[in-house]
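Keeping their order, the protein sequence lines are chains A and B.
Residue numbers for the first sequence follow our numbering, so the first one is 4 and each next one is one higher.
Residue numbers for the second sequence follow our numbering, so the first one is 8 and each next one is one higher.
Simulated from the structure, these hints should not be mistaken for laboratory data.
Treat the numbers as computed from the prediction; the structure is a model and nothing was measured.
Cβ coordinates follow ideal geometry from the N, Cα and C atoms, glycine included.
Please note that a few of the clues may not be correct.
Straight-line distance between alpha carbons at most 27 Å, and here's what the computed DSS-like set of lysine-lysine pairs gives [said to hold, decoys possible]:
id: 1; chain 1: A; residue 1: 21; chain 2: A; residue 2: 39
id: 2; chain 1: B; residue 1: 78; chain 2: A; residue 2: 22
id: 3; chain 1: B; residue 1: 64; chain 2: B; residue 2: 109
id: 4; chain 1: A; residue 1: 43; chain 2: B; residue 2: 109
id: 5; chain 1: B; residue 1: 64; chain 2: A; residue 2: 25
id: 6; chain 1: A; residue 1: 12; chain 2: B; residue 2: 64
id: 7; chain 1: A; residue 1: 41; chain 2: A; residue 2: 22
id: 8; chain 1: A; residue 1: 41; chain 2: B; residue 2: 24
id: 9; chain 1: B; residue 1: 78; chain 2: A; residue 2: 43
id: 10; chain 1: B; residue 1: 44; chain 2: A; residue 2: 25
id: 11; chain 1: A; residue 1: 56; chain 2: A; residue 2: 21
id: 12; chain 1: A; residue 1: 43; chain 2: B; residue 2: 8
id: 13; chain 1: A; residue 1: 22; chain 2: A; residue 2: 12
id: 14; chain 1: A; residue 1: 12; chain 2: A; residue 2: 25
id: 15; chain 1: B; residue 1: 44; chain 2: A; residue 2: 43
id: 16; chain 1: A; residue 1: 44; chain 2: B; residue 2: 109
id: 17; chain 1: B; residue 1: 64; chain 2: B; residue 2: 78
id: 18; chain 1: B; residue 1: 109; chain 2: A; residue 2: 39
id: 19; chain 1: B; residue 1: 64; chain 2: A; residue 2: 41
id: 20; chain 1: B; residue 1: 44; chain 2: A; residue 2: 21
id: 21; chain 1: A; residue 1: 41; chain 2: A; residue 2: 21
id: 22; chain 1: B; residue 1: 44; chain 2: A; residue 2: 41
id: 23; chain 1: A; residue 1: 22; chain 2: A; residue 2: 43
id: 24; chain 1: B; residue 1: 24; chain 2: B; residue 2: 64
id: 25; chain 1: B; residue 1: 109; chain 2: A; residue 2: 56
id: 26; chain 1: B; residue 1: 44; chain 2: A; residue 2: 12
id: 27; chain 1: A; residue 1: 43; chain 2: B; residue 2: 24
id: 28; chain 1: B; residue 1: 24; chain 2: A; residue 2: 39
id: 29; chain 1: A; residue 1: 39; chain 2: B; residue 2: 8
id: 30; chain 1: B; residue 1: 8; chain 2: B; residue 2: 24
A few chain A positions that, by computed beta-carbon distances, are all more than 12 Å from chain B [what the hints assert, rightly or not]:
id: 31; residue: 13
id: 32; residue: 16
id: 33; residue: 19
id: 34; residue: 44
id: 35; residue: 68
id: 36; residue: 70
id: 37; residue: 72
id: 38; residue: 73
id: 39; residue: 83
id: 40; residue: 91
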Amino acid sequence: DTEVTQTPKHLVMGMTNKKSLKCEQHMGHRAMYWYKQKAKKPPELMFVYSYEKLSINESVPSRFSPECPNSSLLNLHLHALQPEDSALYLCASSLRVHQDTGELFFGEGSRLTVL
Amino acid sequence: KNQVEQSPQSLIILEGKNCTLQCNYTVSPFSNLRWYKQDTGRGPVSLTIMTFSENTKSNGRYTATLDADTKQSSLHITASQLSDSASYICVVRPISNFGNEKLTFGTGTRLTIIP
Numbered sequence: 004d005t006e007v008t009q010t011p012k013h014l015v016m017g018m019t020n021k022k023s024l025k026c027e028q029h030m031g032h033r034a035m036y037w038y039k040q041k042a043k044k045p046p047e048l049m050f051v052y053s054y055e056k057l058s059i060n061e062s063v064p065s066r067f068s069p070e071c072p073n074s075s076l077l078n079l080h081l082h083a084l085q086p087e088d089s090a091l092y093l094c095a096s097s098l099r100v101h102q103d104t105g106e107l108f109f110g111e112g113s114r115l116t117v118l
Numbered sequence: 008k009n010q011v012e013q014s015p016q017s018l019i020i021l022e023g024k025n026c027t028l029q030c031n032y033t034v035s036p037f038s039n040l041r042w043y044k045q046d047t048g049r050g051p052v053s054l055t056i057m058t059f060s061e062n063t064k065s066n067g068r069y070t071a072t073l074d075a076d077t078k079q080s081s082l083h084i085t086a087s088q089l090s091d092s093a094s095y096i097c098v099v100r101p102i103s104n105f106g107n108e109k110l111t112f113g114t115g116t117r118l119t120i121i122p
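All chains should be built: construct the whole structure from the sequences, respecting the hints.
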């Protein structure tokens, strides 16, 4: 199983809503990542979890709250978002963070629209 | 600042033709470079990885080249198929004490294959 599964595929929410994006992998990877990708732009790193601990927060606004309940699951909790937060949110995993030739395995993404 | 620039930004070719995509990077010191394929609305998928000591690597109809002296890489696609329509992203990893959080993504080339 070399898949990273993200749900939901599409999400539309108002600025006062609270929602969550979910990511799951069963490859035994101990590093998981959240990226944000705007149209025609490369993915931008948001958070990195290493062995279920948050190791990197790329100065992401607090309206995005990550959570890693266990080594297979990664959540991104959303609250009081702005329309400019509309984007494709990609989850990725790798065997470890510090792995020179390590490949990132990406999920298909969650397309978020904030009204 | 580490940068990865790709050209052209977009490319349209006829089915069956060959094409070459370019990637120039300033990341130094350099560890490895990956080419990813990203279908619209999907997550990127790794095509090839090249370390600084490798010059050429093939994966089916995809052939990547690397010139570490000039800091240039290319991705050549042979006998293009409609399914090759996607964005192709060059991702460079520096040698550092850090991990995957220091990957630098290029802006991508949008390739469209027309019948």
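Hint check results:
1. A:21 <-> A:39: holds (18 Å)
2. B:78 <-> A:22: The hint is violated at about 43 Å.
3. B:64 <-> B:109: holds (24 Å)
4. A:43 <-> B:109: holds (21 Å)
5. B:64 <-> A:25: violated (35 Å)
6. A:12 <-> B:64: violated (34 Å)
7. A:41 <-> A:22: holds (19 Å)
8. A:41 <-> B:24: This hinted pair is violated, its Cα atoms lying about 30 Å apart.
9. B:78 <-> A:43: OK: residue 78 (chain B) and residue 43 (chain A) at ~24 Å, within 27 Å.
10. B:44 <-> A:25: Status holds; Cα separation ~23 Å.
11. A:56 <-> A:21: Holds, at roughly 23 Å.
12. A:43 <-> B:8: holds (21 Å)
13. A:22 <-> A:12: holds (13 Å)
14. A:12 <-> A:25: holds (10 Å)
15. B:44 <-> A:43: The given pair, whose Cα atoms are some 14 Å apart, holds under the 27 Å limit.
16. A:44 <-> B:109: holds (17 Å)
17. B:64 <-> B:78: Roughly 16 Å between the alpha carbons, so the hint for residue 64 (chain B) and residue 78 (chain B) holds.
18. B:109 <-> A:39: The hint holds at about 15 Å.
19. B:64 <-> A:41: violated (30 Å)
20. B:44 <-> A:21: violated (32 Å)
21. A:41 <-> A:21: holds (21 Å)
22. B:44 <-> A:41: Since the Cα atoms of residue 44 (chain B) and residue 41 (chain A) sit roughly 16 Å apart, the hinted pair holds (cutoff 27 Å).
23. A:22 <-> A:43: This hinted pair holds, its Cα atoms lying about 25 Å apart.
24. B:24 <-> B:64: holds (20 Å)
25. B:109 <-> A:56: This hinted pair holds, its Cα atoms lying about 18 Å apart.
26. B:44 <-> A:12: holds (19 Å)
27. A:43 <-> B:24: holds (24 Å)
28. B:24 <-> A:39: violated (33 Å)
29. A:39 <-> B:8: It holds: about 21 Å lies between the C-alpha atoms, which stays within 27 Å.
30. B:8 <-> B:24: The given pair, whose Cα atoms are some 36 Å apart, is violated under the 27 Å limit.
31. 13: Contrary to the label, residue 13 (chain A) does not stay out of reach of chain B, its closest Cβ about 9 Å off (not over 12 Å).
32. 16: holds (18 Å)
33. 19: holds (27 Å)
34. 44: violated (7 Å)
35. 68: Label holds. Min Cβ-Cβ 19 Å, cutoff 12 Å.
36. 70: Non-interface label on residue 70 (chain A) holds, nearest chain B Cβ at 18 Å vs cutoff 12 Å.
37. 72: Label holds. Min Cβ-Cβ 21 Å, cutoff 12 Å.
38. 73: holds (20 Å)
39. 83: Non-interface label stands for residue 83 (chain A): nearest chain B Cβ at 26 Å, farther than 12 Å.
40. 91: Label violated. Min Cβ-Cβ 7 Å, cutoff 12 Å.
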